[in-house]
Structures are given as C-alpha cells and as structure tokens.
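Based on the provided sequences and hints, a complete structural model is requested.
The primary structure of each chain is shown beneath.
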Amino acid sequence: MKKVYGSAAEALEGVLADGMLIAAGGFGLCGIPELLLQAIKENGAKNLTFASNNAGVDDFGIGILLHTKQVKKMISSYVGENAEFMRQYLSGELELEFNPQGTLAERMRAGGCGIPGFYTKTGVGTVIAEGKEVKEFNGEEYILEKGLFADLSIVKAWKADETGNLVFRKTARNFNPPAAMCGKVCIAEVEEIVPKGSLDPDGIHLPGIYVHRLIQGTHEKRIEQRTTRKREEA
Amino acid sequence: MAWDRNQMAARAAEELEDGMYVNLGIGIPTLVANYVGDKDITLQSENGMLGMGPFPFEGEEDPDLINAGKQTITELNRTAYFDSATSFGMIRGGKIAAAILGAMEVAENGDLANWMIPGKLVKGMGGAMDLVAGVGRVIVLMDHANKHGDSKVLRECTLPLTGKAVVDRIITNLGVLDVVEGGLRIVECADGVTEAELRAATQATIV
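The listed protein sequences derive, respectively, from chains A and B. Using our numbering, the first residue of the first sequence is number 1, and each one after it goes up by one. Using our numbering, the first residue of the second sequence is number 1, and each one after it goes up by one.
Just so you know, these hints were derived from the structure itself, not from any lab. Cβ atoms here follow ideal geometry from the backbone N, Cα and C, with glycine treated the same way. Incorrect hints may appear among the rest.
Now the stretches of chain A that chain B is said to cover, found in silico as 3 or more residues with beta-carbon under 8 Å [what the hints assert, rightly or not]:
hint : region
1    : 28-36
2    : 75-82
3    : 101-107
4    : 125-134
5    : 187-198
6    : 212-226
The calculated lysine-lysine pairs, modelled on DSSO-like cross-linking and capped at a C-alpha distance of 30 Å, are [said to hold, decoys possible]:
hint : chain 1 : residue 1 : chain 2 : residue 2
7    : A       : K121      : A       : K46
8    : A       : K230      : B       : K120
9    : A       : K221      : B       : K70
10   : B       : K95       : A       : K132
11   : B       : K123      : A       : K41
12   : B       : K39       : A       : K135
13   : B       : K39       : A       : K69
Listed below in structure tokens is the structure:
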C-alpha cells in the first residue's frame with residue numbers, strides 16, 4: 001500500500017471533513033505538523049475540534065486556523081501564547097476544554113490502545129474533577145478520564161521510511177506518538193523520507209502501523225522563546 | 001531582612017539529594033539548578049526529556065530542543081528523550097522524586113493554587129496538576145506575600161486549586177515551613193527574620 005503522498009493537500013484529500021475531531025502533535029511550536037495545518041487552512045474545513053496541548057501563536061501553528069474561524073473547540077492544557085485565541089474564547093466564539101497535560105497525553109495514548117477510560121489522581125479535588133466519576137483505590141481517590149478517539153491525527157516526525165515507521169528528534173517527539181495513535185487515520189509530515197531498510201529497526205520510535213499517509217516537506221521550525229547564555233559564562 | 005531570589009533558590013537546592021530525578025517549575029524554581037553543586041541531580045522537562053542542560057550558546061539554539069517553558073535548552077551526556085505520555089507516566093507513577101514549583105497560594109493543609117485567577121486571563125494548568133498529584137515530594141518556592149503585601153500562606157486557598165493536600169514543604173523569602181498535622185511547622189527562619197516576624201507574616205495556623 002502506498003503511503004507517500006506528493007503534498008499535504010493531497011494527503012488530506014478524502015480524509016479531512018467539516019466537524020472532525022483532530023488530534024495534533026507538538027508542544028508549543030516544537031514538533032507541530034506545520035505543513036498539514038497550513039493545508040487545512042487552505043482546504044477551508046470548518047467546525048473543527050482540535051485536541052492539541054497548545055493552540056500555537058497568532059500567526060503559526062493552530063493559530064492560523066483561528067483567524068479563519070475554522071476551529072470550533074480546543075482540548076488543550078495551556079493556551080497562554082495566543083491573543084486571538086483569548087479574544088475568540090472570551091467572546092464565546094470558541095469552546096475550550098482544559099485537560100491537564102498528562103491527562104491529555106494519556107487520553108490520546110489510551111484511545112490509541114483501545115482503552116475507553118482510566119482512573120488518575122491528577123485533578124482530584126479541583127475543577128477538573130467536576131462531573132467525573134470518583135473511585136477509591138487503596139484508600140486514595142482517583143477520577144475517571146476518557147480515552148480520546150480522534151477522526152484524524154496529524155503529526156510531525158524527523159524521518160520516516162516508505163512504510164511509515166517514524167523517528168523523532170529530541171523534544172520534538174512530545175505529543176506526536178500519542179496523537180498519532182489515537183486517530184482513525186494518521187497523516188505524518190516528515191523532514192525526510194528514506195528508503196525501506198535504511199532505518200535501524202531497533203531505533204523506530206513509532207511503528208508504521210499507526211501511520212496511514214506520509215508527506216515530506218521543508219519545515220520552518222519556528223522558535224518560540226529563544227534563550228541563550230554568553231560564552232564567557234561557560 | 002530576608003532571602004533574595006537567589007538565596008531562596010540556594011535554600012531550595014539543599015532539599016535535593018544525590019541521585020534524585022527532579023522537576024523544576026518556571027520562575028524562581030528554575031534558578032535552583034544553579035545551586036545543586038556537585039550533587040548528581042537529573043532534571044526532567046515534562047514535554048519529554050530527562051537530563052536537561054543549560055541554555056545554548058548564541059547561534060546554537062535548536063528548535064527541536066526546548067524545555068517545558070518553551071525555552072531553547074541543551075542536552076547532556078545523560079539525556080534521554082521520550083514522548084509526553086511516557087513523560088507523564090513517570091510523573092504520575094511517582095518516579096520523579098521531587099518537584100519545586102511556584103505558587104499563588106498555599107494552605108495549611110497542603111492545598112496548592114497556582115494556575116488561575118477567576119476573571120483574569122485563563123491560560124491553563126499545563127502539567128502542574130499532574131506534577132503535584134504524582135511526584136514524591138512537592139516543594140513550593142515563592143514569595144511569602146503577594147504584591148499587595150498579603151500572606152500567600154493561608155488557612156484556606158481562595159483561588160481554584162491545582163491540587164488538594166499535595167504540598168510537603170514551603171520555602172519563601174522569610175523561611176521554611178512544613179505541612180504537618182493541624183497546620184504548618186516552622187523549619188527555619190530566613191537570615192535576619194525572627195520567628196515572631198515569620199508568624200506575623202503568615203495567615204495559616206502555625207503549630
């Protein structure tokens with residue numbers, strides 16, 4: 001089966017539709033599927049719900065889909081870097097469901113593993129627990145959180161082979177593996193697609209079984225907070 | 001007299017023991033890394049890294065290598081990378097020995113509020129709720145009073161909680177307090193601060 005597509009727009013054809021729940025990888029602007037997000041903008045699909053740790057910044061990442069009003073709802077843990085997000089949220093145009101970061105990651109992982117719910121200590125006694133089942137295990141309280149089952153996953157990796165086996169680079173791995181796992185269909189964008197047999201089978205971070213479509217492209221990889229130290233401090 | 005930010009960070013660093021895996025929050029907690037000395041401490045960044053190094057030299061920033069505050073950082077010869085589900089698995093699973101975090105309010109029963117102020121811009125809790133629920137020891141490192149001069153060490157939190165009864169120790173510019181049965185116990189006073197001054201500056205019950 002051919003997984004490699006010519007462009008992000010081609011890879012989205014027949015897959016993207018209005019009203020979908022899309023799980024997106026990335027943390028901040030690190031390891032985000034920037035080419036697929038741009039292609040979703042150009043496609044114009046509307047009423048989308050994104051499960052993504054963050055909502056990008058105003059002109060990059062999921063932020064670009066906020067300007068075009070394509071996003072109905074965000075499921076995120078932190079949205080502090082985005083002024084347009086705040087404007088739409090405060091005016092009631094955009095729904096927001098806060099999930100603690102680890103709960104969001106585990107909801108994606110669980111969804112991908114066929115686990116519809118799990119109990120966690122995270123958020124017990126806070127607003128996050130409101131309306132959720134509480135159960136005691138060994139004298140401690142836990143709340144029920146649900147596995148996340150997305151219609152579509154969009155992720156970014158460093159390298160892939162033609163069969164969809166993925167290798168990530170440094171902290172750009174972040175939410176990409178769990179996001180990839182929880183979608184009915186997963187599209188991965190990578191910096192380089194290499195021939196079968198050229199990746200070390202022991203070094204595959206995400207097996208190709210989770211990846212249905214694949215594109216190669218050039219990434220801007222914008223830095224959100226450039227922090228450095230002076231040489232003489234060394 | 002009281003401790004300044006760097007003295008607070010240095011005091012917090014005394015909490016860390018050789019071999020610990022530790023998560024440092026944003027703000028003053030970040031400074032703790034400067035004071036670990038010869039101790040073998042591995043810093044976790046909850047986006048998916050153990051063995052976090054210092055900021056890179058100018059020109060060596062890598063967009064694929066950031067910390068939980070989204071700042072560019074470097075790796076060390078012990079660094080390991082993993083995905084965010086694995087990262088929070090080790091947090092929730094109690095593998096991280098301690099977290100040193102900032103706070104808006106702490107209560108005498110160990111309740112912690114550090115993620116939102118109702119009516120103000122809501123940014124989200126990020127990984128704070130997972131950290132306080134999961135790590136071995138939660139140490140709060142913050143100024144004793146807010147900018148209006150009111151105690152942030154309270155009988156009860158007024159802000160939405162990050163975690164219920166999760167804090168073990170509070171380190172402020174005025175001293176060190178432990179959460180114990182019935183309230184807080186003074187562990188030590190900051191340089192030049194008397195016990196009477198520390199008590200007077202604290203709304204919470206001191207036992």
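Review point. For the region 187-198 of chain A, do three or more residues have a beta carbon lying closer than 8 Å to a beta carbon of chain B?
Key: With 0 residues in contact (Cβ-Cβ under 8 Å with chain B), the coverage given for the region 187-198 of chain A is violated.
Exercise for review: Mind taking a look at whether chain B covers the region 75-82 of chain A? Criterion is 3 or more residues with CB to CB distance under 8 Å.
Suggested key: holds (count 6)
Review point. Are K230/A and K120/B close enough, with their CA atoms no more than 30 Å apart?
Key: violated, 36 Å
Review point. Given the hint that K39/B pairs with K135/A, does the C-alpha gap stay at or below 30 Å?
Key: Answer violated: K39/B to K135/A is near 40 Å, above 30 Å.
Check your understanding: Straight-line Cα separation of K123/B and K41/A no greater than 30 Å?
Key -> holds, 24 Å
Review point. Taken at face value, is the distance from the CA of K46/A to the CA of K121/A at most 30 Å?
Key: Violated, at roughly 35 Å.
**Study point:** Proximity test - 8 Å, beta-carbon atoms, the region 101-107 of chain A to chain B, at least three hits
**Key:** Coverage by chain B holds for the region 101-107 of chain A (5 residues, Cβ < 8 Å).
Check your understanding: Is K95/B close enough to K132/A, meaning Cα to Cα at most 30 Å?
Key -> Cα-Cα ~26 Å, so holds.
Review point. Okay, the region 212-226 of chain A and chain B, do three or more residues pass the C-beta test at under 8 Å?
Key: holds (count 6)
Review point. Within 30 Å, alpha carbon to alpha carbon, are K221/A and K70/B?
Key: holds, 13 Å
Review point. Count the residues of the region 125-134 of chain A with a beta-carbon closer than 8 Å to any beta-carbon of chain B: does the count reach three?
Key: The restraint on the region 125-134 of chain A holds, since 4 of its residues have a Cβ under 8 Å from chain B and three suffice.
Review point. Does K69/A lie within 30 Å of K39/B when you go C-alpha to C-alpha?
Key: violated, 51 Å
The structure is inconsistent with the numbered hints 5, 7, 8, 12 and 13, although it conforms to all the rest.
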